[in-house]
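Make a model of the complete structure from these sequences and hints.
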Amino acid sequence: MTAVGLRERKKQRTRDALIDAALDLFLTRGYEATTVDQIAAEVEVSPRTFFRYFASKEDVALSLTADEQRMLLAELAARPESESPFTALCQAMRSLLQILREADETEAGRYLRCQKVVHSTPALLAGTMRLVKENERRLVAEVARRLGADPCDLQPQFIVAVFVSVALACFDERTQDPAVLARRLEDLLALAERSLCPGWDLPARSEAGRARLSLSPGLTPRHVLT
Numbered sequence: 086m087t088a089v090g091l092r093e094r095k096k097q098r099t100r101d102a103l104i105d106a107a108l109d110l111f112l113t114r115g116y117e118a119t120t121v122d123q124i125a126a127e128v129e130v131s132p133r134t135f136f137r138y139f140a141s142k143e144d145v146a147l148s149l150t151a152d153e154q155r156m157l158l159a160e161l162a163a164r165p166e167s168e169s170p171f172t173a174l175c176q177a178m179r180s181l182l183q184i185l186r187e188a189d190e191t192e193a194g195r196y197l198r199c200q201k202v203v204h205s206t207p208a209l210l211a212g213t214m215r216l217v218k219e220n221e222r223r224l225v226a227e228v229a230r231r232l233g234a235d236p237c238d239l240q241p242q243f244i245v246a247v248f249v250s251v252a253l254a255c256f257d258e259r260t261q262d263p264a265v266l267a268r269r270l271e272d273l274l275a276l277a278e279r280s281l282c283p284g285w286d287l288p289a290r291s292e293a294g295r296a297r298l299s300l301s302p303g304l305t306p307r308h309v310l311t
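For the sequence shown, the tail end lands on 311 under the numbering used here, and the numbers increase by one without skipping.
Rather than coming from a laboratory, the hints here were simulated on the basis of the structure.
Ideal Cβ placement from N, Cα and C applies to all residues, glycine included.
Don't take each hint at face value.
What the hints assert, rightly or not - List time: in silico SDA-like cross-link candidates among lysine to any residue, alpha-carbon distance up to 25 Å:
hint	residue 1	residue 2
1	Lys-142	Arg-98
2	Lys-218	Phe-139
3	Lys-201	Asp-122
4	Lys-142	Leu-157
5	Lys-142	Ser-180
6	Lys-96	Val-130
7	Lys-95	Ser-131
8	Lys-201	Leu-185
9	Lys-218	Glu-278
10	Lys-218	Glu-160
11	Lys-95	Asp-122
12	Lys-201	Thr-99
13	Lys-218	Pro-288
14	Lys-95	Glu-190
15	Lys-218	Ser-141
16	Lys-201	Leu-157
17	Lys-218	Leu-276
18	Lys-201	Leu-149
19	Lys-201	Gly-212
20	Lys-201	Ala-151
21	Lys-142	Ala-211
22	Lys-201	Arg-92
23	Lys-142	His-204
What the hints assert, rightly or not - Simulated DEER-style distance windows between Cβ atoms:
hint	residue 1	residue 2	range
24	Arg-215	Leu-112	19 to 27 Å
25	Ala-188	Lys-96	15 to 23 Å
26	Arg-100	His-204	18 to 26 Å
27	Ala-226	His-204	23 to 31 Å
28	Arg-186	Gln-97	19 to 27 Å
29	Thr-172	Ser-131	44 to 52 Å
30	Leu-112	Ser-167	40 to 48 Å
31	Gly-115	Leu-287	45 to 53 Å
32	Arg-279	Ala-211	31 to 39 Å
Dropping the structure here:
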């Protein structure tokens, strides 16, 4: 193994150790009562080292969610251009689900502890939704690129909104096991694919059709749909 490879493995071990220490402290002492100094001390590193990996204790608490969002976007960007946008989104999610299914006992336990912390902490629930919305904008940009459309057009926004609604429907406080979530989400993706009309996520066939899908200046999707 090269020196670069060894350094990357060491960095990943330190990052994982910081996540594990933070989750353990959040569960035993509470999120609000836990400090960055305490997390760093558990791993026997300095707070300065902590901040090389995470910007804040919220950042470490939501790190697994942020990782999943980044992986989904990367998987979508890697999908063939020949796929329709919703199909590409579903296939990207299936690739992410496969990673969840293959998680070892340590990774699965880390995920479960993270979910327990998030669902018991209002500030982290809000942070999770903020991450989802930020990634939703990135997904819209990628879908718009595939359609040759503007991210402000309604069509890419609607396609991503449908996809995100399907994804969020499988998550609740009672179902946190990653393997169960993977099966549940796969079932929901398949249901959505069966239920939607073929071609619904393809580009509008005419300029008039594109105009109907496009937002007027100063108009938001909320104004159009209400």
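Hints, verified against the model:
1. Lys-142 - Arg-98: With a Cα-Cα distance of about 18 Å, the restraint between Lys-142 and Arg-98 holds, given a limit of 25 Å.
2. Lys-218 - Phe-139: holds, 20 Å
3. Lys-201 - Asp-122: The given pair, whose Cα atoms are some 22 Å apart, holds under the 25 Å limit.
4. Lys-142 - Leu-157: Roughly 23 Å between the alpha carbons, so the hint for Lys-142 and Leu-157 holds.
5. Lys-142 - Ser-180: This hinted pair is violated, its Cα atoms lying about 29 Å apart.
6. Lys-96 - Val-130: holds, 12 Å
7. Lys-95 - Ser-131: holds, 16 Å
8. Lys-201 - Leu-185: holds, 17 Å
9. Lys-218 - Glu-278: holds, 23 Å
10. Lys-218 - Glu-160: holds, 18 Å
11. Lys-95 - Asp-122: Between Lys-95 and Asp-122 the Cα gap is close to 21 Å, so the pair holds against 25 Å.
12. Lys-201 - Thr-99: holds, 22 Å
13. Lys-218 - Pro-288: Between Lys-218 and Pro-288 the Cα gap is close to 24 Å, so the pair holds against 25 Å.
14. Lys-95 - Glu-190: Judged against 25 Å, a Cα distance of about 20 Å means the pair holds.
15. Lys-218 - Ser-141: Distance ~20 Å between Lys-218 and Ser-141 Cα, so the pair holds.
16. Lys-201 - Leu-157: holds, 22 Å
17. Lys-218 - Leu-276: holds, 24 Å
18. Lys-201 - Leu-149: holds, 13 Å
19. Lys-201 - Gly-212: holds, 15 Å
20. Lys-201 - Ala-151: holds, 16 Å
21. Lys-142 - Ala-211: holds, 14 Å
22. Lys-201 - Arg-92: violated, 31 Å
23. Lys-142 - His-204: Holds, at roughly 16 Å.
24. Arg-215 - Leu-112: 19 to 27 Å: holds, 22 Å
25. Ala-188 - Lys-96: 15 to 23 Å: 20 Å Cβ-Cβ, so the 15 to 23 Å window holds.
26. Arg-100 - His-204: 18 to 26 Å: holds, 23 Å
27. Ala-226 - His-204: 23 to 31 Å: Holds: the Cβ-Cβ distance is about 30 Å, inside 23 to 31 Å.
28. Arg-186 - Gln-97: 19 to 27 Å: Hint holds: Cβ distance 21 Å, inside 19 to 27 Å.
29. Thr-172 - Ser-131: 44 to 52 Å: With a Cβ separation near 48 Å, Thr-172 and Ser-131 satisfy 44 to 52 Å, so the hint holds.
30. Leu-112 - Ser-167: 40 to 48 Å: holds, 46 Å
31. Gly-115 - Leu-287: 45 to 53 Å: holds, 50 Å
32. Arg-279 - Ala-211: 31 to 39 Å: holds, 34 Å
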